[in-house]
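> This is what each chain is made of:
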Amino acid sequence: EAAVTQSPRNKVTVTGGNVTLSCRQTNSHNYMYWYRQDTGHGLRLIHYSYGAGNLQIGDVPDGYKATRTTQEDFFLLLELASPSQTSLYFCASSDAWGENYAEQFFGPGTRLTVL
Amino acid sequence: KTQVEQSPQSLVVRQGENCVLQCNYSVTPDNHLRWFKQDTGKGLVSLTVLVDQKDKTSNGRYSATLDKDAKHSTLHITATLLDDTATYICVVGDRGSALGRLHFGAGTQLIVIP
Chain R
1 EAAVTQSPRN KVTVTGGNVT LSCRQTNSHN YMYWYRQDTG HGLRLIHYSY
51 GAGNLQIGDV PDGYKATRTT QEDFFLLLEL ASPSQTSLYF CASSDAWGEN
101 YAEQFFGPGT RLTVL
Chain P
116 KTQVEQSPQS LVVRQGENCV LQCNYSVTPD NHLRWFKQDT GKGLVSLTVL
166 VDQKDKTSNG RYSATLDKDA KHSTLHITAT LLDDTATYIC VVGDRGSALG
216 RLHFGAGTQL IVIP
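From first to last, the protein sequence lines stand for chains R and P.
Each residue of the first sequence is one higher than the one before, counting from 1 in the numbering used here.
Each residue of the second sequence is one higher than the one before, counting from 116 in the numbering used here.
So here's chain P without its partners, still in its complex pose (with noise of 0.2 Å):
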């Protein structure tokens, strides 16, 4: 059963326009969760870790919210950019270390159009 459940799974912009990102789980223990972006081709990146029972964190355009009660996490991107299209995975980590596994979302392909 999928443990991290990603919404919507394709979202079109357009440059400027903000958008928003949503992310439920089921994984348990929730140690952190964390957005990655993936451009076409290429690898992972990291965009930001949450980490508290309700986190907030900002990055530049980036702002992300976690509620581990809800198991729920959003990604909000701000004034998006052409650059800004990619796919953005949700990842919930059960342990803080390298001896917890990671469960990935299916990910959400953002298209910003001019």
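Isolated chain R, as found in the complex (with noise of 0.2 Å):
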């Protein structure tokens, strides 16, 4: 069973519009992060929560909002979408400590695409 879950898979967009990104995880872990991936450059931490209704600043945290709902649910909002947000965007969870060094487990992505 996939323990971290990403909904939509595919999703187009114009610019302007607001987006809602989803993401439910199964495992239990107190962590849940998103990350954006582009061509040439590593996963860039956008949003990241350590429990329901708690959220912290990533990286890149322009022009997104994030919102953790339950220990279950992370929500990545663009409520403005621009061109510059098109992207692969990742959900992962973890556990704070743990014997393997806090390993973060990754749901399949979603592709956004802004026009």
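Treat the hints loosely; a few may be bogus.
Derived contacts from chain P toward chain R, CB cut-off under 10 Å, selection only [to be verified]:
(1) Ser122
(2) Leu197
(3) Val206
(4) Gly220
If you are wondering where the hints come from, they were derived from the structure by calculation, not from laboratory data.
Even glycine gets a Cβ: it sits at the ideal position worked out from N, Cα and C.
Make the complex out of the two chains shown on their own, each in a separate frame, by following the hints.
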């Protein structure tokens, strides 16, 4: 069973559009993350959370909001989408500690295109 | 400035051949280093994690080394299979918990041809 799921898998919107990307994890992890992946760059952290109601700013937060409604669910919101936000978005979850150096488990990704 | 550099950017090998992927980094502190495999259109899956000053790990046909003095890691794939076609990503963690940050390389795209 996939432990981190994302929806939608693909999304096309127009400049100025409103987009919500969803992530659900069934790992019972406290931490959840949103990344973007662009050609020629490593994954870059947008926002993360260590529990329901908590939100922490990542390295590239501009233009993005996020909300963690439950331990399982983490949402990424683009309220005025721009072409520069065209990217592949990944959600991940992890324990705070754990034996395996807080290994992050990744979802399958959402490909977002902003026209 | 990019703190994790991977080489080569892309690599084509024939099925059955061996290959070596390189990762150099400048992250400090360097608590651990992890290699991920990313199949096309899929998420990242951990292959191995290295933690000691001079470390070696083995996971089936995948083996990896880490030298923290040189800030350098290698991933060896032996007897490649078509299913090894993927992007391999090197990630350095500055702590051993979620309180730290992960620093991602841009990946090496490996293509295995018949």
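> So which hints don't hold here, by number, going up?
Hints 1 and 2 not satisfied by this model.
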